[in-house]
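So the chains spell out like this:
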Amino acid sequence: MQQRSPTGGGGLQSPRSPSSQPPFLSVSVTDPAKMGNGVQAYISYKVITKTNFPDYQGPEKIVIRRYTDFVWLRDCLFKKYKGIFIPPLPEKSTVEKFRFSAEFIEMRRQALDSFVNRIALHHELQHSEDLRTFLQADEQTMERARSQDTGIFKKKPSDFMQIFWDVQSKVSDVVLGKEKPVEETNPEYEKLKRYIFELEDHLAEAQKHAYRLVKRHRELGQSLGDFGKAIKLLGACEGDALGTAFSELGAKSEMLSVKLQREAHHLLMNFEEPLKDYVRAVQSIKGTIGERANAFRQQCELAETIKLKEIDLNKLRLTRSERMLDAEHEYEELKADGEEASRRFETIVRLMNEEIVRFQDQKTQDMGLAFHEFAKGQARLANGIADAWRSLIPKLDALSSS
Amino acid sequence: MMGSESQGFEEAQLYASREEMESLVLDDDDIKNNNNDNSSSSRFNGGANGDGGQHHHPLSSSLPFAEIPTTDDDDPLLSSPSPHKSPNAFNSFLEPPSYADAVFRSFDGDHGKQINGHGAVSTSSPSSSSDYLKISVTDPQKDQDLKNSLVPGGNTFVTYLITTWTNLPEFNGTEFSVRRRFKDVVTLSDRLSDSYRGFFIPLRPDKSVVEGQVMQKQEFVEQRRMALEKYLRKLAAHPVIRRSEELRVFLQVQGKLPLVKTTDVASRMLDGAVKLPKQLFGESVVSAAVDPNDVSQPAKGGRDLLRIFKELRQSVTNDWGETKPAVVEEDKEFLEKKKKLQDFEQELSNVSQQAETLVKAQQDIGETLGQLGLAFVKLTKFESEEAMFNSQKVRAADMKNVATSAVKASRLYRELNAQTVRHLDKLHEYLGVMLAVNNAYADRSNALLTVQTLLSELSNLNSRIEKLEAAASKIFGGDRSRVRKIEELKETMKVTDEAKNCAVREYERIKENNKSELDRLDKERHDDFFGMLKGFVVNQAGYAEKMASVWETVANETSGYAKSL
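Protein chains in written order, with the numbering used here: chain A, 8 to 409; chain B, 755 to 1319.
Only chain A is shown next, with the shape it has when bound in the complex:
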């Protein structure tokens, strides 16, 4: 259960007037529980909110939510807060068997907790109405909200991006008979896009090896344990001092096997998962990039349309047609739309610029912590191993001379 101190202030909760304190919103996702049976089974989580926000109920509220509720929240935010990097969600599980393993559930819980916390700490997202619904609404309301919006949001945000943009494939759509979509020609933005794409590849590779490393720890633990058992048996049939020596070694091996399994778990939760989270965050950014491309395209299309309309209007003016008034009316509407589209696009650009800074800072923190945990865990494991074996040396000496 991760409790992060809010950006604004301390964690003190005073039952007296909330307005005397800086505003805070603190959330945690805990207590996963299996619900339902068979194919319908799913995991539900307790979401605990502690806050002094004025439009929230009470200092503390607990609701029960499931994975699809989180997805709903993410999709709402993605739709309404274009330009902001929406925090990533853990993936749906593709392997049935794995879905209810304790490890998977814990990994998912941790990721969901991260997700909600990041939203709660984001200076804009934390004011979202959908967030409030998510954190406060009773289950019926939640279910209603969820089923209303499923139609539009079946696609993942990154899917939109896929349709409208290909940075990597230079196969010209013109060749294929399609018009190439209009793109920004901002060199710095180009650089950013390229960076994001390449970053995903690099991170994915690192994460892959991190996951393998977890597995290797488990395998080493397993083999060390088996080795210990076998050598204990050897000691049993040997007897005497040598037999005792074998037994001692075997016992130590088994003990270290346990340490290795423990470290494997720590590595998974505190190093591999943060890396995975990083990958997801980058993918989420790709979604935002897609939204920006959309907004830009809309702006351009509208600008085109407005130009054409203007030409049309001028023609009508000249001929003093009776359609002129309607045309002027449409023209004004279009101009308003055009301004709106421009505004939207510019908002996205502005937000993205802020977000990228925040993102880089955040990731340095996240990765720094992950590295620290990684190194700490490895050091702890290595020290444990060294101590265990070292303690055996005097015993071996004593036994060998007896």
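Calculated from the structure, these hints are not laboratory results.
Heads up, a few of these hints could be off.
[What the hints assert, rightly or not] Here are a few chain A residues that face chain B, going by a calculated C-beta distance under 7 Å:
{"id": "1", "residue": "Y202"}
{"id": "2", "residue": "R219"}
{"id": "3", "residue": "M374"}
{"id": "4", "residue": "W396"}
Virtual Cβ for every residue (Gly too), placed ideally from N, Cα, C.
Guided by the hints, dock chain B onto chain A, whose structure is given.
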């Protein structure tokens, strides 16, 4: 404290053979240059650190990362292959002592004899003080057997240069070489088996070494060379066999190996085996009796057909007959010991298997750490080159730290594993010893069988004599033919009795050899396994300490992130 070595020293000592590792040149200068060039980033406040990060490490404090020299692609004919080429590395190679050994020598004191893989053979026998007999096998060369080849270029074989250094008196000289082929080794091995029944004679390498994969000729020759060297060194380590004439001749006598191969039927015939046809017929005449000299040899295929048949008949009688044979294995202590060793062998085999799995797991984790490190190295480079913000540079620096440490740890695992293999190889070795022990037990039971067979013959002869005498006494005036027959039988009995006495002596001798060898085995097993255990443990502890120190540095340098929680 282990962590106090100078960084450069450590880098220089670690050796790598993976291609990616070889191409790894991570230099501080790369990062530094990027910093200086990147003037476009407005957030970068000069200085390698950027604006006060909570962690103090500037980019320049990252450890220098020297370019890793590649190991030369060795000529497989001449030297040991690089480790970890094949999954069977477990039981096939000895590595030169690495840096790690030097550090651990203070722990490893009495373990010194096992460390050196090149040249030296341990002076293992308790009695010898400064005797030495060192053997090396090198320089495989093709040769041709010109005499027997019908086809030009046919009948090629490989010879090996066998060099010996010794101060044992029976060798005339302290350093000498001969060339031998594998067939010679087979001969040596067979002769030793004949002469040293009851001893735990090391097993010679297999005739065909096919490890389940198609092997190049060069690889095969190299494997054989190593196997031969190992074999000869084991012979030289055996307190009795190292003094044998057979070994001496093998090591010293130039030219064709003068050891006679186990004689076959043809040779025996040439030796005056007029006996042979009569043996086949089995009608006993004096000449059909077993030659006393032969009983000190086991019955061999190709000759002694009759003897083999008789002994086989005897063993069936032993197993299925109603009367117990006159002499049986009674030595309780021996039987107990035998059972105990059987159990030991079984458990040992199990441990050996688990040890292989353990070694594989150690290898894997080292590899994955290395790959993880490399992935982070690439990421680091990427982030530094593409950096638009200072936070990226900071992250790149942290990452580089982790990356280099992961690569270091990976190499430590590799070294650790090489040592682990060496130590746990003892297990594998003793499985071979157990085979030799079983051979020695077989010698013993074969000798016993010979005794039993001869005793049966004797009693058989005796009853025939008695029958004849009874029959002859009934005839008035004597029965010339019968009397002659009785005389013949009595002669045969005398010879057979002599043979039996020989056989009994041989059996007792073998029993003695078994006993002394078992005592030796106990002592050596005790020493060897304690050495193995201690070596293994010291090894694990030492490398774990080194790894701990590597990671502690990183943990300290990133501790700022933890505090911010």
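So, going through the hints one by one against the coordinates:
1. At a threshold of 7 Å, the smallest CB-CB gap from A/Y202 to chain B is about 5 Å, leaving the interface hint in force.
2. For A/R219, the shortest C-beta to C-beta distance to chain B is roughly 5 Å, which falls under 7 Å, so the interface hint holds.
3. Look at A/M374: its Cβ gets to within about 6 Å of chain B, closer than 7 Å, so that hint holds up.
4. Given hint, A/W396 at the interface with chain B, holds; its Cβ is 4 Å from that chain's nearest Cβ, closer than 7 Å.
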